[in-house]
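Start from the sequences, fold in the hints, and give me the full structure.
Chains as they are written, first to last, in our numbering: chain C, 283 to 358; chain W, 8 to 479.
A few of these clues could be false.
Straight-line distance between alpha carbons at most 27 Å, and here's what the computed DSS-like set of lysine-lysine pairs gives [unchecked claim]: (1) Lys459(W) / Lys402(W); (2) Lys234(W) / Lys24(W); (3) Lys402(W) / Lys417(W); (4) Lys357(C) / Lys205(W); (5) Lys258(W) / Lys212(W); (6) Lys202(W) / Lys258(W); (7) Lys313(C) / Lys354(C); (8) Lys477(W) / Lys301(W); (9) Lys198(W) / Lys250(W); (10) Lys301(W) / Lys212(W); (11) Lys274(W) / Lys250(W); (12) Lys458(W) / Lys402(W); (13) Lys198(W) / Lys258(W); (14) Lys354(C) / Lys417(W); (15) Lys9(W) / Lys205(W); (16) Lys357(C) / Lys301(W); (17) Lys250(W) / Lys205(W); (18) Lys198(W) / Lys212(W); (19) Lys198(W) / Lys354(C); (20) Lys258(W) / Lys209(W); (21) Lys313(C) / Lys250(W); (22) Lys9(W) / Lys357(C); (23) Lys354(C) / Lys29(W); (24) Lys202(W) / Lys313(C); (25) Lys202(W) / Lys354(C); (26) Lys209(W) / Lys9(W); (27) Lys234(W) / Lys209(W); (28) Lys313(C) / Lys9(W); (29) Lys212(W) / Lys202(W); (30) Lys209(W) / Lys313(C); (31) Lys234(W) / Lys301(W); (32) Lys354(C) / Lys274(W); (33) Lys357(C) / Lys202(W); (34) Lys477(W) / Lys417(W); (35) Lys354(C) / Lys24(W); (36) Lys357(C) / Lys198(W); (37) Lys250(W) / Lys234(W); (38) Lys301(W) / Lys384(W); (39) Lys354(C) / Lys9(W).
Hints in this document: simulated from the structure, not taken from any laboratory.
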Amino acid sequence: MTNNAAVDAPFMEVNAELCKGCQLCVGVCPKSVIAISDDLNSASYHPAYYTGADCTGCGLCFYACPEPGAIKVVKP
Amino acid sequence: MKVYEKSHSFYEVFERKSGPAKEATHYCPGCGHGNVHKMIAEALEDMELTSRTVLVSPVGCSVFAYYYFDCGNTQAAHGRAPAVATGVKRANPDSIVISYQGDGDLAAIGTAETIHAANRGENITVFFINNAIYGMTGGQMAPTTMLGQRSTTTPLGRQEHVHGNPIRMCEMLSTLPAPTYIERVAVGDSKHVMKTRKAIRKALKIQAEGKGYSFVEILSPCPTGWKMDPTVARDWLMDEMTKVFPLGVFKDESDNVDEGSWDREFKPFDTDQVNAYLDRLKTSMTEGAQVTLKEDLHCKFAGFGGQGILTLGLFLSQIGMRAGQQVSWFPAYGPEMRGGTANCSVNLSNERIGSPLVDEPNVLVVMNQPSLDAFEKTVPDGGLIIVDTTIVQGKPDTDRLNAVMIPASKIADEVGTPKIANVVILGALVAATGAFTPEYCMETLRSVIKKKNLVEMNMEAFRRGYDFVKNQ
Numbered sequence: 283m284t285n286n287a288a289v290d291a292p293f294m295e296v297n298a299e300l301c302k303g304c305q306l307c308v309g310v311c312p313k314s315v316i317a318i319s320d321d322l323n324s325a326s327y328h329p330a331y332y333t334g335a336d337c338t339g340c341g342l343c344f345y346a347c348p349e350p351g352a353i354k355v356v357k358p
Numbered sequence: 008m009k010v011y012e013k014s015h016s017f018y019e020v021f022e023r024k025s026g027p028a029k030e031a032t033h034y035c036p037g038c039g040h041g042n043v044h045k046m047i048a049e050a051l052e053d054m055e056l057t058s059r060t061v062l063v064s065p066v067g068c069s070v071f072a073y074y075y076f077d078c079g080n081t082q083a084a085h086g087r088a089p090a091v092a093t094g095v096k097r098a099n100p101d102s103i104v105i106s107y108q109g110d111g112d113l114a115a116i117g118t119a120e121t122i123h124a125a126n127r128g129e130n131i132t133v134f135f136i137n138n139a140i141y142g143m144t145g146g147q148m149a150p151t152t153m154l155g156q157r158s159t160t161t162p163l164g165r166q167e168h169v170h171g172n173p174i175r176m177c178e179m180l181s182t183l184p185a186p187t188y189i190e191r192v193a194v195g196d197s198k199h200v201m202k203t204r205k206a207i208r209k210a211l212k213i214q215a216e217g218k219g220y221s222f223v224e225i226l227s228p229c230p231t232g233w234k235m236d237p238t239v240a241r242d243w244l245m246d247e248m249t250k251v252f253p254l255g256v257f258k259d260e261s262d263n264v265d266e267g268s269w270d271r272e273f274k275p276f277d278t279d280q281v282n283a284y285l286d287r288l289k290t291s292m293t294e295g296a297q298v299t300l301k302e303d304l305h306c307k308f309a310g311f312g313g314q315g316i317l318t319l320g321l322f323l324s325q326i327g328m329r330a331g332q333q334v335s336w337f338p339a340y341g342p343e344m345r346g347g348t349a350n351c352s353v354n355l356s357n358e359r360i361g362s363p364l365v366d367e368p369n370v371l372v373v374m375n376q377p378s379l380d381a382f383e384k385t386v387p388d389g390g391l392i393i394v395d396t397t398i399v400q401g402k403p404d405t406d407r408l409n410a411v412m413i414p415a416s417k418i419a420d421e422v423g424t425p426k427i428a429n430v431v432i433l434g435a436l437v438a439a440t441g442a443f444t445p446e447y448c449m450e451t452l453r454s455v456i457k458k459k460n461l462v463e464m465n466m467e468a469f470r471r472g473y474d475f476v477k478n479q
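Structure follows, in structure tokens:
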């Protein structure tokens, strides 16, 4: 999901295999740039994903997420 | 550049976890444990504490914390994490010791350990995950379940008059003088998650600085146990749980205590110290010659509490010890210091003793009637029975048993006090068994009797009992 054209911009990314689809990240995102996929991962969860723009790198989704490796946020 | 990502205080792959998905935790979607784990791991990494941290996990969903944290891990019996943490910390004062517990573990079965570790001001950090329910076992009522809250064991809701009230641990512990820092936080909305992060870091910092006991209660959702969607559970946590469990700092002495003031002096185990300690426990008993028994003595001494029954057993045991025999002394008595019944079993043997119990004594001393009634029949034919006739009215079967009928209490009273009837009996026992010479016994008594002004009276009592039998 990383937007390679905008490496200078903050972004978040979801490891879809580790996401359990709890949607907590969706709810806390101030910019509403996280959504839930229609696809299922191998554990039968609908994972979250970054819609691709306007992430501020605030990190709230990282702390809202209970799963250690599911969300990474980069703020250049 | 700031990167928020999986802490290096976690294992990269959770190899200890069974089954597939070895990079994901075992926790349910939306569980608060994961949030708290992440913030602890991040704090340990940022504060460079990971390599010297020992995490004590509880019984509960977080029993598997050792799957995840790349630090020292141990797992305690249910509720005992603070006791284990105490031991780890005291044995390894440079370690950072975390007791990570849920509400069933900490506030029910582990209440005693929790309170006393706090009361001792152990320099440990307790993270208390309160989700108001027994999560791992399927959502039963916990001590923290709120009034009206439904659980599998309170299907109509918790009721005060049936189940009691939810326990507030922060409030209780903050009445104690020793704890340094007690705060309740919540992994609910983002603002409170960040407050939790701050509290976790503060608690660990207090420990690292040797400032004492820190306790952070973290209200945490259990979407599965509560039967709620994860987002709804977070809202319910903030809306309902915080009413019963108000957030805030209950105690903070961290600015008032000096660094290191709660560090314990650590003495490494050393054999010389242990020996020195044991030396202090040694009796004043003098060395004596080896004596071989003609026959092993399996004794039962019985009477009222206060008659010196147990002391009689000790004296005979000490004589046997001095003579190089194997001995055992096993008391049995009620809660009364005086007036109840008491008996003791004493074995003296040339061989190793298998059991300290004496079911069939070859020597029975009875100093009250109930003891005669209870134990006479346990003595095998030809066994020795010594009866204090001052007190005991009944007569043993003299055809079957070798009986010594001695007015021990009366003789003792003549010597100076009826309290030393036990020593009169000892004299009679030694004379009747011929196990030791009277001189050998008196030498031993002389060295073990603590009140030296009573030694001569005891010598006289022993001699009178011994002579009573010899002159019969």
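We went through each hint and held it up to the structure:
Our distance criterion of 27 Å between C-alpha atoms is broken by Lys459(W) and Lys402(W), whose separation comes to about 37 Å. Taking the CA atoms of Lys234(W) and Lys24(W), the gap is about 26 Å. The hint holds against a cut of 27 Å. About 18 Å separates the Cα atoms of Lys402(W) and Lys417(W), which keeps this hinted pair within 27 Å; it holds. Note on Lys357(C) and Lys205(W): the hinted pairing holds, with a Cα-Cα distance of about 21 Å set against a maximum of 27 Å.
Restraint check: the Cα-Cα separation between Lys258(W) and Lys212(W) comes to about 16 Å, which is no more than 27 Å; the hinted pair holds. Between Lys202(W) and Lys258(W), the direct Cα distance comes to roughly 16 Å. Compliance with the 27 Å bound is thereby established for this hinted pair. Between Lys313(C) and Lys354(C), the direct Cα distance comes to roughly 16 Å. Compliance with the 27 Å bound is thereby established for this hinted pair. Straight-line distance between C-alpha atoms of Lys477(W) and Lys301(W) comes to about 19 Å, which keeps the hinted pair within the 27 Å bound.
For the hint linking Lys198(W) to Lys250(W), the alpha-carbon distance of about 17 Å falls within 27 Å, and the restraint holds. A hinted pair counts as satisfied when its Cα atoms are at most 27 Å apart, and Lys301(W) with Lys212(W) does not qualify at roughly 69 Å. Taken as a hint, the Lys274(W) and Lys250(W) pair is broken in the structure, with Cα atoms around 47 Å apart against an allowance of 27 Å. Of the pairs offered as hints, the one joining Lys458(W) and Lys402(W) is violated, with about 35 Å between alpha carbons and a cut-off of 27 Å exceeded.
Our distance criterion of 27 Å between C-alpha atoms is met by Lys198(W) and Lys258(W), whose separation comes to about 21 Å. The hinted pair formed by Lys354(C) and Lys417(W) fails the criterion: a straight-line CA distance of about 91 Å is larger than 27 Å. The suggested pairing of Lys9(W) with Lys205(W) holds, with an alpha-carbon distance near 18 Å, which does not exceed 27 Å. Under the criterion of a C-alpha separation no larger than 27 Å, the hint pairing Lys357(C) with Lys301(W) is inconsistent with the structure, at around 90 Å.
Taking the CA atoms of Lys250(W) and Lys205(W), the gap is about 22 Å. The hint holds against a cut of 27 Å. Proximity of Lys198(W) to Lys212(W) is assessed by CA-CA distance (about 21 Å); at most 27 Å being required, the pair is judged to hold. Between the alpha carbons of Lys198(W) and Lys354(C) the distance comes to roughly 19 Å, so the proposed pair stays at or under 27 Å and holds. Using a Cα cut-off of 27 Å, the hinted pair Lys258(W) and Lys209(W) holds, with the two alpha carbons roughly 13 Å apart.
With a CA separation close to 30 Å, the supplied pair Lys313(C) and Lys250(W) exceeds the 27 Å bound. This hinted pair checks out: Lys9(W) and Lys357(C) have alpha carbons roughly 5 Å apart, not beyond 27 Å. For the hint pairing Lys354(C) with Lys29(W), the CA-to-CA distance comes to about 18 Å; that is within 27 Å, so the pair holds. Among the hinted pairs, Lys202(W) with Lys313(C) is consistent with the structure: their alpha-carbon atoms are about 21 Å apart, no more than 27 Å.
For the proposed pair Lys202(W) and Lys354(C), the alpha carbon gap of about 21 Å is at most 27 Å, so the pair holds. The hinted pair formed by Lys209(W) and Lys9(W) meets the criterion: a straight-line CA distance of about 22 Å does not exceed 27 Å. Restraint check for Lys234(W) and Lys209(W): the C-alpha separation of about 33 Å exceeds 27 Å, so the hint is violated. Proximity of Lys313(C) to Lys9(W) is assessed by CA-CA distance (about 19 Å); at most 27 Å being required, the pair is judged to hold.
For the hint linking Lys212(W) to Lys202(W), the alpha-carbon distance of about 15 Å falls within 27 Å, and the restraint holds. At roughly 30 Å between alpha-carbon atoms, Lys209(W) and Lys313(C) are farther apart than 27 Å, so this suggested pair is violated. At most 27 Å may separate the alpha-carbon atoms for a hinted pair to count; Lys234(W) and Lys301(W) exceed this at roughly 76 Å. A hinted pair counts as satisfied when its Cα atoms are at most 27 Å apart, and Lys354(C) with Lys274(W) does not qualify at roughly 45 Å.
With a C-alpha separation of about 22 Å, the suggested pair Lys357(C) and Lys202(W) falls inside the 27 Å cut-off, and the hint holds. With a CA separation close to 18 Å, the supplied pair Lys477(W) and Lys417(W) stays within the 27 Å bound. Straight-line distance between C-alpha atoms of Lys354(C) and Lys24(W) comes to about 23 Å, which keeps the hinted pair within the 27 Å bound. With a C-alpha separation of about 20 Å, the suggested pairing of Lys357(C) with Lys198(W) holds against the 27 Å cut-off.
As the CA atoms of Lys250(W) and Lys234(W) are separated by approximately 20 Å, the hinted pair is consistent with the 27 Å bound. Between Lys301(W) and Lys384(W), the direct Cα distance comes to roughly 24 Å. Compliance with the 27 Å bound is thereby established for this hinted pair. Restraint check: the Cα-Cα separation between Lys354(C) and Lys9(W) comes to about 11 Å, which is no more than 27 Å; the hinted pair holds.
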